[in-house]
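Participant: With chain A fixed as given, assemble chains B and C onto it according to the hints.
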Amino acid sequence: MKELKILAVIVVFTGITYWGVEPLAHSIFHPHVAPADFKFADLDRFEAEGTVANGKSQVEMNCIACHGIESEGIVAPMDKQTANMSYGVVPPDLSLAGAIYDETFLAGFIKNPAKATKTEHKFTGGKMHPMPGYDWMSNEDIASIIAYLKEVSTKKLEKEALELKAEMNSTQDSTEQEAIKKAAEKAHRKEVFENACGRCHDMKYAKIEATSDVSNYMGSTPPDLSMMIIARGEKYLTTFINDPQKHLHGTAMPRVGLNENAQKAVIKYMEETGDSKKEEREALAPWVLGFLGIMVILSFLWKKEVWSEVK
Amino acid sequence: MADKSRRAFMGKVLGATAGVGAVASLYAMKRTWDPLPSVISAGFTTVDLSPLEAGKLSVIKWRGKPVFLLKHTSDITTDEARDIVIGEDRYTVVIGLCTHLGCIPEWRENDKIFHCACHGGQYDPHARQTFGPPPRPLDIPPFSISGKTITLGDEGPEYKKMLTMA
Amino acid sequence: MAHFPKAHGVGEWLDHRLNITALKKVMMTEYWIPKDINFLWAMGMILAFTFKILLISGIFLLMYYKPDVNAAFDSVNYTIMQEVGYGWLFRHIHAVGASVIFLVIYIHMFTGIYYGSYKKGREMIWLSGMLLLILFSAEAFSGYMLPWGQMSYWAAYVITNIFGGIPLIGDELVVWIRGNFYVADATLTRFFMLHVLLVPLAIMGGIAFHFYTLRIPHVNNQTGEDIDFGKEAEKYKENPKRSKIIPFWPVFMAKDVFVLSVFLLFFFYLVFYNYGFAMDPVNFDPANGLKTPAHIYPEWYFLWSYEVLRGFFFDIGPLKAADIGLLAFGFAQAILLFMPWLDRSPTVAPANQRPYFRYWFWIMIVVLIVLTIYGKLPPTGTNAWIGFASSIAFIVMFAILPVITEKEARTVAGGKK
Chain A
1 MKELKILAVI VVFTGITYWG VEPLAHSIFH PHVAPADFKF ADLDRFEAEG TVANGKSQVE
61 MNCIACHGIE SEGIVAPMDK QTANMSYGVV PPDLSLAGAI YDETFLAGFI KNPAKATKTE
121 HKFTGGKMHP MPGYDWMSNE DIASIIAYLK EVSTKKLEKE ALELKAEMNS TQDSTEQEAI
181 KKAAEKAHRK EVFENACGRC HDMKYAKIEA TSDVSNYMGS TPPDLSMMII ARGEKYLTTF
241 INDPQKHLHG TAMPRVGLNE NAQKAVIKYM EETGDSKKEE REALAPWVLG FLGIMVILSF
301 LWKKEVWSEV K
Chain B
1 MADKSRRAFM GKVLGATAGV GAVASLYAMK RTWDPLPSVI SAGFTTVDLS PLEAGKLSVI
61 KWRGKPVFLL KHTSDITTDE ARDIVIGEDR YTVVIGLCTH LGCIPEWREN DKIFHCACHG
121 GQYDPHARQT FGPPPRPLDI PPFSISGKTI TLGDEGPEYK KMLTMA
Chain C
1 MAHFPKAHGV GEWLDHRLNI TALKKVMMTE YWIPKDINFL WAMGMILAFT FKILLISGIF
61 LLMYYKPDVN AAFDSVNYTI MQEVGYGWLF RHIHAVGASV IFLVIYIHMF TGIYYGSYKK
121 GREMIWLSGM LLLILFSAEA FSGYMLPWGQ MSYWAAYVIT NIFGGIPLIG DELVVWIRGN
181 FYVADATLTR FFMLHVLLVP LAIMGGIAFH FYTLRIPHVN NQTGEDIDFG KEAEKYKENP
241 KRSKIIPFWP VFMAKDVFVL SVFLLFFFYL VFYNYGFAMD PVNFDPANGL KTPAHIYPEW
301 YFLWSYEVLR GFFFDIGPLK AADIGLLAFG FAQAILLFMP WLDRSPTVAP ANQRPYFRYW
361 FWIMIVVLIV LTIYGKLPPT GTNAWIGFAS SIAFIVMFAI LPVITEKEAR TVAGGKK
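Chains as they are written, first to last, in this note's numbering: chain A, 1 to 311; chain B, 1 to 166; chain C, 1 to 417.
Treat the hints with care, since some could be wrong.
Okay, derived cross-link-like pairs now, DSSO-like style, lysine-lysine, Cα gap no bigger than 27 Å in a straight line [to be verified]: (1) Lys303(A) with Lys25(C); (2) Lys407(C) with Lys66(C); (3) Lys52(C) with Lys303(A); (4) Lys291(C) with Lys246(A).
Quick list of simulated restraints, FRET-style, between CB atoms [to be verified]: (5) Ser25(B) with Tyr212(C): 23 to 31 Å; (6) Thr32(B) with Val9(A): 44 to 52 Å; (7) Ile169(C) with Pro157(B): 47 to 55 Å; (8) Gly121(C) with Val9(A): 22 to 30 Å; (9) Gly19(B) with Ile59(C): 35 to 43 Å; (10) Lys235(A) with Asp226(C): 38 to 46 Å; (11) Glu140(A) with Glu109(B): 41 to 49 Å; (12) Ile16(A) with Arg344(C): 25 to 33 Å; (13) Glu88(B) with Leu290(C): 25 to 33 Å; (14) Lys181(A) with Thr32(B): 53 to 61 Å.
Which stretches of chain B does chain C cover? Using the computed rule of at least three CB atoms under 8 Å from a CB of chain C, they are [stated by the list, open to error]: (15) 32-38; (16) 64-73; (17) 102-113.
Rather than coming from a laboratory, the hints here were simulated on the basis of the structure.
Just so you know, even glycine gets a beta-carbon here, dropped at the ideal spot from N, CA and C.
This is chain A alone, in the form it adopts within the complex (with noise of 0.2 Å):
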């Protein structure tokens, strides 16, 4: 009993500590934020019916000549590196816009993108946007052009869902099917990550290189992601992501509008990236324990039998 006794002196000392340390410190220096906002609330909401065709025409009329459409076979007018020097940014492909972004936020981002990327801090004194804002543009053909991305989107991954489909049914193996399915699934969620993040941020360990150098208008280099799901951890990113303002007040990293599903998948991408062995450690762990478990029996055991003999 008293070495029990000593033991819980120790264990309440020691968890005094642990509990400053850890728990104490960091709800101090991460201030607890409001969680993720996925209804983009602070952006105006507008009820306006639109319609494909229309939208399809306002893209062709006000978009393509920046930007691509690769699954609709429309090609980007510039190559990569002529875009990234004209506009300090390459102009994103739109192929998965419709199923990636919020839609309120799509919206808000047409009319004025540094507003909805709250980015405005970062275009002053003549500095622009280098996607020009549509606040002229009527409700109607900004909700027809949402309804287009998302019919663009949607025909995309049907399209993707069917070929995967004809792919698992080529073998009759169902752990071969499991790992074509598992595979296709982490390349969507690299495609969400590159679309989302791999424009303006690196990620080594995933052989992703940015595909704009972003440093002259945003002012400062992105970090690259390869270890961000470590370093920060998926409480942070999961309401950083969504506003990173919350966080870092005044960064340059503008908030990107995804959905709840394509920030989920983003996430995940990185934790595939920085935290590639998660699945093997927790499931290696039991069978770790379990035998340390069983070392405490027999040497306890052990222990008793030896000490019988000078007690």
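Facilitator: For chains B and C alone, coordinates are given in the frame of chain A:
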């Protein structure tokens, strides 16, 4: 007797000589940790100040630290103890590490202050602390002036004069 | 040459040449330990074992680690963590081991203080132990630099900067230690050498020496009783149950192995599920000399002395805050060495049976925990004052230790009359 003292003496001479050898090898070991010649020569950075735009901060790297170069606009007061004067122009040249805990302050052009985001310290355009925890102005690196260029790391007469005024 | 008769079997053959039987007796079966002990007496073996774990995991990390400012971060975080088979496991073990070993060192140290195991005759045990604490601190600090993350860099920057406070030679000393005007490649490579060769060698020597210091004064026991080991050894041979002592092997080790197993269960729980405390997230940002992390703090086991260093945040008369802090820091590092002489009471007994020392002991623990916690928190507002007060308290506690123990010695002697 004579033999014994002779032996003790020989022993002492031997010990002392070995000691000299040990000290000499210690010196050789100490020298291996000295900064290499290439490191020392990289410790001097020459910058041309003439192309700087007044009121805009430029940052260069010197000995692994950021150095702020700021050409003064006409509305900035003069401060003989801290301004580097070249011809008509006055400059602030300081190591851009907050003297509180070493964060890198940012230059707010509109307010004409250096602001440190870590603990809210502020400095005027001469990099003298005006608010918050910083205990002293931003440090001025050793420099020498030649024409319109300055060499960081080299202690010129202007720098030595500044030290006496501080 | 000695005469070597024909041996029957390998054991005898070796015995003729190496005298195994006698060695076994001296080191194991007739190396006597008091019987009246608790699990705190197993901390030494746990430390030896944890050091072994660190050594072995370190060897495997060493095969892929690259000491170069451009390659170090990726060699750790990509090659070892994502590519090498079980590389992540060895890194987790190494990182958690480095942190947990300090917890056990502190428990081991305070066990010694609590039971008065540094008193007359046992001073060398204490001193060699403190030498090991210093060596382990050097080992931890040099190792922390190697992953070349933001915390590696800035901890190296702040700690090497401390030497700049030494009068006259300070500035040049800092440049000499770093091998550059700032923390750079030369700094990394020399600390790599220290971490993988010189300091571990010294630690191994230190451990051997520490074990040897136990030999003559013998291990203390739960009551501080002065045991006649010669007499008790005779008794043990007649009837083990009547003796106050046990042999190192197998009796003492049987208990140690059980405590060690429990410890390893806890240790591997941390390795798999709760390693963040030993692998600071900030250190997964690559080192950047132009961007300071928002908060700079050392690993938890250095926090108490770090807090003493920065606890003095205002000038007193002609003394600058930084200089007072440095003096206090130097004091904190050195004072523990003098424990056997600061405690003026000759009584070897558990702290709780000593009229004044009992308060000193528990207050000291609280002061150290407060210093540790506030050493991590940002030193602003009230935190700065709590840090200041606890730094003062730490110094005052050691200043009054000789006084109260002197008084205690007189009271106890008086009581006996």
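Participant: Now look at each hint and say whether the structure bears it out.
Facilitator: Hint-by-hint comparison with the structure:
1. Lys303(A) with Lys25(C): Answer holds: lysine 303(A) to lysine 25(C) is near 21 Å, not above 27 Å.
2. Lys407(C) with Lys66(C): violated (57 Å)
3. Lys52(C) with Lys303(A): The hint holds at about 23 Å.
4. Lys291(C) with Lys246(A): holds (20 Å)
5. Ser25(B) with Tyr212(C): 23 to 31 Å: Roughly 29 Å apart at Cβ, these two residues keep to the hinted range, so it holds.
6. Thr32(B) with Val9(A): 44 to 52 Å: The hint (44 to 52 Å, Cβ to Cβ) holds, given that threonine 32(B) and valine 9(A) are roughly 49 Å apart.
7. Ile169(C) with Pro157(B): 47 to 55 Å: Once the Cβ atoms are compared, 26 Å apart, the range 47 to 55 Å for proline 157(B) and isoleucine 169(C) is violated.
8. Gly121(C) with Val9(A): 22 to 30 Å: Since glycine 121(C) and valine 9(A) have Cβ atoms about 28 Å apart, the given range 22 to 30 Å holds.
9. Gly19(B) with Ile59(C): 35 to 43 Å: For glycine 19(B) and isoleucine 59(C) the Cβ distance comes to about 37 Å; the hint holds.
10. Lys235(A) with Asp226(C): 38 to 46 Å: violated (57 Å)
11. Glu140(A) with Glu109(B): 41 to 49 Å: holds (42 Å)
12. Ile16(A) with Arg344(C): 25 to 33 Å: Because 31 Å falls inside the window, the suggested range holds.
13. Glu88(B) with Leu290(C): 25 to 33 Å: The hint (25 to 33 Å, Cβ to Cβ) holds, given that glutamate 88(B) and leucine 290(C) are roughly 31 Å apart.
14. Lys181(A) with Thr32(B): 53 to 61 Å: Distance hint for lysine 181(A), threonine 32(B) holds at roughly 58 Å.
15. 32-38: The restraint on the region 32-38 of chain B holds, since 4 of its residues have a Cβ under 8 Å from chain C and three suffice.
16. 64-73: holds (count 3)
17. 102-113: The restraint on the region 102-113 of chain B holds, since 3 of its residues have a Cβ under 8 Å from chain C and three suffice.
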